[in-house]
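Participant: Protein chains in written order, with the working numbering: chain A, 1 to 115; chain B, 1 to 112.
Since the hints were derived computationally from the structure, they do not count as laboratory data. Just so it is clear, CB atoms sit at the ideal spot from N, CA and C, and this is done for glycine as well. Hints should not be assumed to be uniformly reliable.
To be verified - Cut-off 30 Å, straight-line C-alpha distance, at most; resulting in silico cross-link-like pairs (DSS-like, lysine-lysine):
(1) B:K111 x A:K57
(2) B:K45 x A:K70
(3) B:K2 x B:K104
Unchecked claim - Away from chain A, derived, C-beta distances all over 10 Å, residues of chain B:
(4) S26
(5) E43
(6) S49
(7) N99
(8) S109
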Amino acid sequence: DGGITQSPKYLFRKEGQNVTLSCEQNLNHDAMYWYRQDPGQGLRLIYYSQIVNDFQKGDIAEGYSVSREKKESFPLTVTSAQKNPTAFYLCASSRTSGGAADTQYFGPGTRLTVL
Amino acid sequence: RKEVEQDPGPFNVPEGATVAFNCTYSNSASQSFFWYRQDCRKEPKLLMSVYSSGNEDGRFTAQLNRASQYISLLIRDSKLSDSATYLCVVNMIKGSQGNLIFGKGTKLSVKP
């Protein structure tokens, strides 16, 4: 099946720990994105990548890091510098990320809770 | 003015009702418009893209008004399964990059 997978579905972290969220896609999409969603809030863009080995900060990149070593994979690390990491994290991909902003498709999300 | 603004609802309607959601956007240069549906504790899923001429997909109709910078979604003959949060999504152009901006969503609850 083609699609986007995220793991784990639920993640618990102690304060001061770094954690890495996985995102994999087999849609052959060039662009990938990480969003964060808080209760009652819209999605906010953390990082995005238009092509392998390149990525840009979104609106709320502080306390997060990413890598894009392979087209299929775009892992997100939530570092201890992120002050309020408890949230629902969504990964998405699209064919391209040009001026017209191609349709994005989402993975099932990871729910991160800091204990 | 917020980039993408939606009435948060909730809209509580009986089965079979017709319901309409509106969304306004601030960037007149926006080129792409979408409606996504998000069920509770799930990921957003594309419902439909919105085209300048308006488009229909079964019971769902989307309209775009560029002059007034708003898009709408009309749902006819509501079903219980339509209960969800509907996200208005618009692209914002920054240089050559177009990123999507998501509204906070409008919650719909269809009752028997």
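Participant: List, from low to high, the hint numbers that the structure doesn't satisfy.
Facilitator: 1, 5, 6 and 7
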